[in-house]
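Protein chains in written order, with our numbering: chain A, 5 to 329; chain B, 369 to 625; chain C, -9 to 282.
Quick caveat, the hints were computed from the structure, so don't treat them as lab data. Do not take every clue at face value.
For the chain B half of the interface with chain A, some residues (derived, Cβ under 7 Å), not all of them [to be verified]:
#, residue
1, R449
2, G451
3, V468
4, N482
5, A486
6, L487
7, R505
Each residue gets a CB set at the ideal place from its N, CA and C atoms; glycine is no exception.
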Amino acid sequence: MTLVYYAANLGLFFCGYVILALGLNIQFGYAGVLNFAYIAFWAIGAYITAVFMLGPSTAFSGETYILGLRLPFIVALLAGGVAAGLLAVAMGGLILRRLRGDFIGIGLFALSFALYDVVGNYTPLFNGWAGVIGVPPPLNFFNLNAEQYILYYLIPSGLLAVLLYWVAQRLSRSPYGRALRALREDETVAATFGKNTFRLRLSAMVIGCIYAGLAGGLMIGFLSAMAPASWSAAETFIIWTAVIVGGLGNNRGSVLGVLVIIILLGEGTRLLPLPLEMQSLVPPLRGIIIGAVLIAILYWRPKGLIPEERTKYHLVASQNSAANP
Amino acid sequence: MNPSGDILTVTDLKHAYGGVEALSGCTLAVKRGSITAVIGPNGAGKTTLVNVVSGVEPLQHGEVSFDGIDIGNWPAYMFARRGLLRSFQLPREFGGLSVVDNLLVVAQDVGLENPFSALFQRAAARRMEASLLDRVRGLLQEVGLFEARNQYARELSGGQKRLLELARAMIVEPKLVILDEPMAGVNPVLIERVGQLIQVWNSRGVTFLIVEHKLEVVEAICGYVIVMANGMRLAAGTMRELRANPAVVSAYLGVAR
Amino acid sequence: MNSFAVELGFGLVAAGFIAVAAVGATLQFGITNYINFALGDYMTIGAYSAWVLTSRAINFWVATAVAVVIGGVVALLISRFVLAPFVRRKTPVLYMLIVTLGVGLIITNVIQLLFGSDQQQYPASVIDQSAFHLGPFLATPNQLITLGLAAGLMIALHFMLTRTALGKGMRAMSDDPDLARVAGIDAGRITDWVWVISGGLAALAGVLLALDVGSFTPAFGELFLFVIFAAVVVGGAGQPNGAMLGALITGVATSLAVLFVNSAYKNDVAFLILLVALVLRPQGIIPSRRSI
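Work out the full structure, taking the sequences as your base and the hints as a guide.
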C-alpha cells in the first residue's frame, strides 16, 4: 500500500467521521439528546444506500437483502439519509415527548441492541451477520482502478463534509440554535418561556440522525460492505468520545475531535510496532485507551479541547439611559 | 378579557404530592395592575400555588383563570406566550448562554426557531435580532447588567443572576409576572434596587404577584397582600388591615413583629 | 409435552436471574440517581471469574460465590475511584451515564485482552445435564438451583431492606435523600454498600445467564443489559419489588415469545416491553416519588 493510498484512505474516513461527529454534536452538544444508538443510524444509512445501488438479490449473488433498485448514487445517498431520519422520527416521536434525559438514553441504548439483533438474525433484510457486500463504487464514471478511485472519491467526500459543516454552522448561529442551547441548559425554564421542547429536541435528533445516515451512505462508497460487526455498541462510543474530546456545542471541536480520536488514536495504534502474535491485542487496547481518554477528558476538561463559541454582540450604551429613576 | 378587575383568579384549588395535601381548596384573586404579595408560614402552599398557576405542576382540582381565560389544561409553553411569567426561588438563568443571549432567546420570533429558517431566512433573523437588541440594551441598562452583557450567565454573581432573571421576564412584555421569593439571598442594597425596578415596571402596566418572606419588602412595595396558611387563603387586604386581623396575627405576623 | 408449560418454566428461570441483576440495578439507581450502563459488563466479570476459577478445578458453585465477591469488590472500587470524583463535583446525570458507559467499555476490553474474544463455556461437568420432568415442566438441576438462588436472594434482600439498619437507610435515601441526610444517615457508607450489592448480584446474574445461554463472550453481558433495563423500568425504577415484578414479566414474556417467533429474537421482545413502558407508563408499575 503506497503512502498516498494510505493517506487518501485516511482522508475518506476523516470526511465520513467528521459528518458523523457533526450530527452527534447537533443532537447532544446542542440539544442534549443522549443518543446511544447513534451508530445504528449510520448503519441504516449505509445499508439503504447499498440496497438502492445494488441490483436485486439473486440466488447467484449469495446474499439476500431487500430492495435492490440499481439506482444512481445520489439518489441512494439521499435515501440513506431519509431512512435514518425516518427511524429517528419514529423512535424520537415515541420517547422524546415526556421522558427525562437518562430514560431517553435507556430507550435508545436498547434500540441499538434490538436493531443489532434483528438485522443480524433476519437475513432477508440486509443479509444478516454476513452483511451486504459488493456495493459498486459510486460515481465511477471514469472506470478508475482502486488507487485512483480512492483519490477520486475524496472529492465528493470532501464536498459533502464541507457542505454539512456549513449547514451545521448555520443551524448553530441562528434563532433555532439559540433555542436548542436554551433547551439544553434548562428545559423547564425553556418550556416556561414558550419553547416547544419536544419539537425542538425531535428536530435536532432527526437532523443529527440524517447526518449519520448520510455519513453511512457516503462511507459505504469506499467500504463497499456493511455488516453488524461494524456497528456494535463500541463503535457508538468512539464517536461520542470524539465529539466530547473535541468540544461539545462546537462544530470546529467536532472536527478536531475526529482528528484526535480516530486518526491519531485509531490509526496511530495500528501503526504500533507489535510482533504478530500480539496484533490481536490492538483492538481491545484501543478500546481501553479510548474509554480511558473519555473518562479523563470528562473529568479534567469536560468542555473539550475547543470550548463552545460565544457570540459577542456589538451593543453600544445609549446616552439617555432609563436606568436610574 | 376585562380591562379592569382581576387578572388572575384561582378557585378551590386542591393539590397533593403523593398523599400529602399542599393546597386544600385555595381561592384568591389578583387585581390587574397591582403589586400583590402572597405571604404565609412555611408549608402554607405558596410555592405549590405558583407552580400550579404557572403550569409547572398539572392542575389536579379547581379552576385557574388568567385574563378571563380558563388555563386549567394549558401546556407549559402556552403560559409565557400569553403573558404569564414566573421566576424560580433559585435563579435559573441559562448558564451556558451569554447575558444578551438569555434575553434574545426568550424574546425571539418563535416562527424562526426551526431548521429551515436557520438555513434560508438568515436575513429575516438578522433584522429581528437587530430590532430586539434595542430593547435588550435598554433593559440591560435599566437593571445594570450592560457591562456584563457578553459574559456567560453562569459567571454572574448571585445578585446579578437575580437581575438577569427579572430582565428576562420583562423582555417578553408580560402581563403578569409571578416572582417566587425574589429577594432570597439578595443583599440589602440590591433588595432596594429590585423593589424600585418592580415599581417602575408596574407603573408601565405589568401586574406582579410576589411570594415573599421579607415583610419589610412586602410593606414597601405591595399594595395588596394575600395570606396563606394550611393550603388555603386565610385573609387578604392591605398590610394595615391584616395587622388588625387576629387570625392573621396569630398565624403569622404576631411572632415576627 | 406441553411446550407452553415448558417455555413458561424456562421463563421463570430467566425471571430468576433477570431479577437478581434487576433488583441490584434498581437499588443502585434509587440511591445514586444515575443509571449504570456498565452493569452488563459487571455481569460479564461474574461469568468470567467463575470460569477462570472453575478451570482451576475449583467447585463451580464455590467459584460462583467467589465471583460474586469479586463483582462486589470491583463495583465498589469503581464507585470509589472512578465514579465518586464525578459525583463530588456534582456532574450532571447525563455525563455520569457517559462515564459509566466508558467504564463498561474498558471492562469489556480488558476481558477481551485477557481472554480473547472467542466464545467460552463452563466445563462439561457443569453444563452437561439432562432435563427431567417436574409436572408439566422440564428442568435441569442448574435451572432449579438458579430458581432457588434467585428466590432465596429475593427473600434475603427483602429481609435486609425491611429489618436491618442498612436496609432502612437505603430505603430512606432512595425515597427522600434530603430528609435522609438531615436524619443523619451516612450517605457514603450506604452508597458503598449498594455498589457492593449491585455488583455482586450482577456477577451472580452473569454466571446464571451464562449457564442458561450456554456460552459467553466479553460482550455477552452488555448484549443482555437492555433486558435488565426493561425489567427495571417496567417495574418502576428505584423499587426493588417492582424490579422483581418486572423481571417476572420480562422473563416469562421473552421465553413464551419463542412459541411465536424465532428464538433468536426472544430478547427483542424485551425491547418492545421496554418501549411500551417508556411510552405508556415510564414510572413503572410501582412508581416512586421521583419525576420521570
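*Interface restraint verdict for G451 of chain B against chain A (beta-carbon cut-off 7 Å)*: This interface hint is violated because 10 Å lies over the 7 Å limit.
*Could you check if R505 of chain B really has its C-beta closer than 7 Å to a C-beta on chain A?*
It holds, given that the least Cβ distance between R505 of chain B and chain A is near 5 Å, below 7 Å.
*Does R449 of chain B pass the interface hint, meaning its C-beta sits closer than 7 Å to a C-beta of chain A?*
For R449 of chain B, the interface hint holds, since the closest Cβ of chain A sits about 4 Å away, which is under 7 Å.
*asked:* Holds or violated: the hint that A486 of chain B contacts chain A, with Cβ atoms closer than 7 Å.
replied: 4 Å, holds
*If you take the shortest Cβ to Cβ gap from N482 of chain B to chain A, is it below 7 Å?*
At 6 Å from the nearest chain A Cβ, N482 of chain B passes the 7 Å test, so the hint holds.
*So, V468 of chain B near chain A? Judge it on the closest CB pair being under 7 Å.*
5 Å, holds
*Is the interface hint for L487 of chain B satisfied, with its Cβ closer than 7 Å to some Cβ of chain A?*
5 Å, holds
The structure fails to meet hint 2 from the earlier list, while all remaining hints are met.
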